[in-house]
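Trainee: So the protein sequences, as listed, match chains A and B. The numbering of the first sequence is the working numbering, which starts it at -7 and goes up by one. The numbering of the second sequence is the working numbering, which starts it at 3 and goes up by one.
Think of the hints as simulated: they come from the structure by calculation, not from any bench. A couple of the hints might just be wrong.
Once the Cα atoms are required to be at most 27 Å apart in a straight line, the calculated DSS-like pairs of lysine-lysine come out as [to be verified]:
#1 A/Lys106 / B/Lys410
#2 A/Lys18 / B/Lys228
#3 A/Lys246 / A/Lys18
#4 A/Lys125 / A/Lys106
#5 A/Lys130 / A/Lys106
#6 B/Lys409 / A/Lys106
Partial list, computed: chain B residues near chain A (C-beta under 7 Å) [to be verified]:
#7 Ser298
#8 Gly305
#9 Leu306
#10 Ala308
#11 Thr309
#12 His317
Quick reminder that beta carbons are idealized off the backbone N, C-alpha and C, glycines included.
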Amino acid sequence: MTVTEKKTADQQAPAEEPKIVATNVKVSYGGRDALHGIDLEIVARKVTALIGPSGCGKTTFLRCINRMNDLIPVAEVTGSITLDGNNIYAPEVDVEVLRRHVGMVFQKPNPFPKSIYDNVAYGPRIHGLASNKQELDKIVEKSLRRAGLWDEVSDRLEAPGTGLSGGQQQRLCIARAIAIEPAVILMDEPCSALDPIATAKIEELIHELKERYTIVIVTHSMQQAARVSDYTAFFHLGDLVEKGETEALFTNPKDERTEAYISGRIG
Amino acid sequence: MTDNIHPLTRAALPGLTQRYASEKRFRLIGLSAVVLSLSFLVFLIGGIAFRGMGAFVQTEMQIEVSAETVENHTGSSFALMRKISLENFEASARSERRLSVSMVGEGADEDLENALADLGSFSGTARVWVRASDDIDVAWKADLDPEMMTTLRPKQVEWLQALANEDRLRTSFNTGFFTNGDSREAERAGIGGAFVGSLLTLSVCLLLSFAVGILAAIYLEEFAVKNKFTAFLEVNINNLATVPSIIFGLLGLAVFLNVFGLPRSSSLVGGMVLALMTLPTIIIASRVSLQAVPPSIREAALGLGATRVQAVFHHVLPLALPGMLTGTILGMARALGETAPLLMIGMVAFIADVPGGFTDPATALPVQVYLWSDIPERAFAEKTSGAILVLLVFLLLMNLTAIIMRKKLEKKW
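Here chain A stands alone, though its shape is the one from the complex:
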């Protein structure tokens, strides 16, 4: 995508084809409702930020998109979410295939206690994306480069991933996620455990990554949402209050709760 193309895409953004469409998504944990009917479209190759106060359901919604909520036995999800028009909650869907296309980066950096190389190579290995060592090496290098980590770790790929700094660990996790070439990357407050400098690096990275991937990011920081996202959805107490282009939402919120939140009066 060239710069000019990108600009035109930005201008006609709302009309762009959605990558993910959530329709009336409801989630309850053991009978206690966490989300009441979310309708949201997520545009391809854009960054969509989910913001809102703690406990508003934004992480719950994020985890619906790659069905990580399946891991919680009491969680019940209804409604539909489609990825490229295919319902991901259809009974014939295999979550492993879904998660191969919808990667995730977690709140706390969670590299495997293995070498940097093995961390990145794990996904391609289990999915059989490389037929030999050279191909795997290439994938690892490419992923680390895209995650902006290659220059820092290229001479110590066999060092443990857990020995890196927090920011490096999080970029390693991003490299690990993109090594299997997902279409969508879900990020659950990826910077909340990082210092401002590491945060700036990740945000920069998100900017670069959106050329290839559709990114959904949950964040506590409104400044971050404003900096990195193209679209923003504001969640409050399990409801999707407002959604729209980030600039419009921040400068001209339609709902008074949104306004209260972004001006710091609630949250």
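Please arrange chain B on chain A, whose structure you already have, making use of the hints.
Mentor: Positioned in the frame of chain A, the structure of chain B alone reads:
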């Protein structure tokens, strides 16, 4: 209130002196508890070591052998030994002849045979070392204390004194104690049979309980749905861990021996019974170490599209394994020291041969200790302590392995 009181001393805060006093009292009580238990331990181990060290050496006596006697008794070392005893200890009366023969110990004829073979051909007389009988052994190790010679006849004491005066008694390392099976004669009895029996039993136990225990723990922790049934299972596993071990022995007797008809007294059945007993311990320890693996590791793997089995075996298990192994070794150490369940399945029988396989009749170290402690003969007292020492050394080694393993394999995340 006067201005003389420094505001930051105890004088300024009423009651602080008492608080300090109670703290001091508590420390003293704690310290004395530690000292008390330590001294008991030292007393126990020291006592056993003091008594048991004698088991590792064996008294030998030097006897005179004439070439003529050897020539006359080729073919039967037993008869030769008898003849030489009679020559060495002059016995006049008929009753004294029996006494002279019982000066040398069981197996002295083998010592004699070996010594003669080393000597080759000789003329005149030669002196060779053969092992002494257990009564002589006890008396010599006690420096001929009259109290320890009550089992010897006056004539034997006389002979013994003579040998001692001529410097014809010595103690040497008792290899037989480690290689021989059990025997009614103390100078011949060893822990070799019991040791091999323990090894065989433990290897069966390890194989069964490690495999079953770890798989059960992984299933319960990572795959089983959490419902009333699994909660019930968990409670019962915890209950099983506290069931007295003799109950497992009874179970083994009823099921393995009577229903399945497996060989009685064998280390196979012993290992199976001990595995039953160790299983709950291993399952509990393994589950705890699985729980200690942060869920973020599982999420990371699952988020990449790994299946649950892949997530567990690629990432969770390697992290939990050190803890699992530690739990297993501690369980094994407990199994090594277990006596009661083995009594129930007949491993308490007198077995003189070192077992050659899993189905051979065998006994185990702690059972050997139990058996020997029952024998009134004095010489077996030090054998008992010696066997306890060997058992303790092995327990210590196993626990040490567990600690080293935990330190080495532990990964940081």
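Trainee: Take the hints in turn and mark each one as holding or not.
Mentor: Against the structure, the hints come out as follows:
no.: 1; hint: A/Lys106 / B/Lys410; verdict: 16 Å, holds
no.: 2; hint: A/Lys18 / B/Lys228; verdict: 24 Å, holds
no.: 3; hint: A/Lys246 / A/Lys18; verdict: 24 Å, holds
no.: 4; hint: A/Lys125 / A/Lys106; verdict: 18 Å, holds
no.: 5; hint: A/Lys130 / A/Lys106; verdict: 19 Å, holds
no.: 6; hint: B/Lys409 / A/Lys106; verdict: 18 Å, holds
no.: 7; hint: Ser298; verdict: 4 Å, holds
no.: 8; hint: Gly305; verdict: 4 Å, holds
no.: 9; hint: Leu306; verdict: 4 Å, holds
no.: 10; hint: Ala308; verdict: 5 Å, holds
no.: 11; hint: Thr309; verdict: 6 Å, holds
no.: 12; hint: His317; verdict: 6 Å, holds
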